[in-house]
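> Given the sequences, and given the hints that come with them, work out the whole structure.
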Amino acid sequence: MRTLIFKDIDDLIINSLGIVAFISFFVGGVVAIQTSLNISNPLIPKYLVGFATRQSIILEFAPTFISIIMAGKVGSFITSSIGTMRVTEQIDALEVMGINALNYLVFPKFVALTLYPFIISIAMFLGVLGGLAACVYGGYGTLEDYIEGIQTDFIPFHIIYAFAKTLVFAFLLATIPSFYGYYMKGGALEVGKASTTSFVWTSVVIILANYFLTSLLLG
Amino acid sequence: MIEVKNLHKSFGDAHILKGISTTFEKGKTNLIIGQSGSGKTVFLKCLLGLFEYEQGSIAYEGRIMSNLTPNEKRDLRSQIGMVFQGSALFDSMTIAENVMFPLKMFTKQNQSEMQDRVDFVLNRVNLSDAHDKMPSEASGGMQKRVAIARAIVNNPKYLFCDEPNSGLDPKTAIVIDNLIQEITDEYQMTTVINSHDMNSVMEIGEKIVFLKDGLKEWEGSKETIFKTDNESVTDFVYSSNLFKKVRRMYIEENQ
Chain E
76 MRTLIFKDID
86 DLIINSLGIV
96 AFISFFVGGV
106 VAIQTSLNIS
116 NPLIPKYLVG
126 FATRQSIILE
136 FAPTFISIIM
146 AGKVGSFITS
156 SIGTMRVTEQ
166 IDALEVMGIN
176 ALNYLVFPKF
186 VALTLYPFII
196 SIAMFLGVLG
206 GLAACVYGGY
216 GTLEDYIEGI
226 QTDFIPFHII
236 YAFAKTLVFA
246 FLLATIPSFY
256 GYYMKGGALE
266 VGKASTTSFV
276 WTSVVIILAN
286 YFLTSLLLG
Chain V
1341 MIEVKNLHKS
1351 FGDAHILKGI
1361 STTFEKGKTN
1371 LIIGQSGSGK
1381 TVFLKCLLGL
1391 FEYEQGSIAY
1401 EGRIMSNLTP
1411 NEKRDLRSQI
1421 GMVFQGSALF
1431 DSMTIAENVM
1441 FPLKMFTKQN
1451 QSEMQDRVDF
1461 VLNRVNLSDA
1471 HDKMPSEASG
1481 GMQKRVAIAR
1491 AIVNNPKYLF
1501 CDEPNSGLDP
1511 KTAIVIDNLI
1521 QEITDEYQMT
1531 TVINSHDMNS
1541 VMEIGEKIVF
1551 LKDGLKEWEG
1561 SKETIFKTDN
1571 ESVTDFVYSS
1581 NLFKKVRRMY
1591 IEENQ
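Note that the protein sequences, when read in sequence, are chains E and V. All residue numbers for the first sequence refer to the working numbering, where the first residue is 76 and numbers rise by one. All residue numbers for the second sequence refer to the working numbering, where the first residue is 1341 and numbers rise by one.
Hints are computed from structural coordinates only; laboratory data are not their basis. For glycine and all other residues, C-beta sits at the position ideal for the given N, C-alpha and C. None of the hints are false.
Think about it this way: if two alpha-carbon atoms lie no more than 25 angstroms apart in a straight line, the pair counts; the simulated DSS-like pairs of lysine-lysine are:
| # | chain 1 | residue 1 | chain 2 | residue 2 |
| --- | --- | --- | --- | --- |
| 1 | V | 1473 | E | 82 |
| 2 | V | 1385 | V | 1547 |
| 3 | V | 1385 | E | 260 |
| 4 | E | 82 | V | 1448 |
Computed Cβ-Cβ distance ranges for the label pairs, DEER-style:
| # | chain 1 | residue 1 | chain 2 | residue 2 | range |
| --- | --- | --- | --- | --- | --- |
| 5 | V | 1365 | E | 89 | 51 to 57 angstroms |
| 6 | V | 1476 | E | 77 | 20 to 26 angstroms |
| 7 | V | 1585 | E | 78 | 51 to 57 angstroms |
| 8 | E | 267 | V | 1377 | 25 to 31 angstroms |
Pasting the structure below:
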């Protein structure tokens, strides 16, 4: 079981770092540029670029939209790997051996995804850093203004809110794709269909959970 | 010995098994044959406990499967080895890890004991140099032999094989048949094989159960199947001209 957990940490967490880092850095940059370009009133302070980037990244982009992206990457991986095991009778083989296949396959993924907040914290850091790079090196503001912006009106509870959401999304990312993979029927074509369905439903449930958690924690 | 009495199984309105009764004896290769859709795979999966059945009973050495507690079922399953049609090797593990898997799950052996046992069974199926290969790197015949090695590694009392020769060339199919026969004799296992392959029927069919439309149409052995008058059996087994000729010659020789 320990080996499986480490393998799933590698597959689900470590192998996702590259794409998460890439997306976060450049989306952070785009948020900063868009905010800067939309400030036309000279009365609005320049530090707003840093402030808006920090708020967008920490409150929504990192926890929610990275989770949607992960529903595509990690969710499809989970559904297709478990679904392929179903199609190729590997799950039957586990059951014949008297092994609780559901527990054997899903539990390690569940444990691996408890490290999901680690990915989100990296997304937060790189998003804000990407905003800084785009702002300063793109000539949209000064380093001092951006730094002031990301320090302005910082509310620690927002971090708790973001990580609370992240843990709920991690649970959804482990369970919904596993369900679609484990209970699929048919052949290779159905594995593809199950992956798509799992992505759609994981995304829908993440968006709904995001709405209710935001109402509950910030509303 | 496995004793099956009046087994019924349905999926919705489709009545697949309509009251099958038979016995599978220890130390024998028992073959279940029949056309596609006759209920062979469903029957095998009922025997393995993968499907619940509505009526009847399956008894392993007198222990009725449906009366067993979860712990007793787990104990029984540790005595079962299964070779799936597609081999069902775990993709993410090497061949040696695949074979070691049941030992890790069901025994308290240390690593070197498990390694010795894996070496022994891989050697037994003539795969002594394939330990570190991944299943995807192995040919169909090798995968089947690995599946057999995994099935027997824990010294099971019962060996089930679902179409062990499907997708194999005739020469490799005979190797697999002979291997199953030798292992059955050597370890005195109760072996149940689901097969379409008439070569297997003639080679290793110590007991043959012929299913048709979810019913047991005929049972006998590789010797009696030559003499049977049952039209369904002869239509199925001797459907090719070659087998018709072989049967005619056999009957003429024995008259």
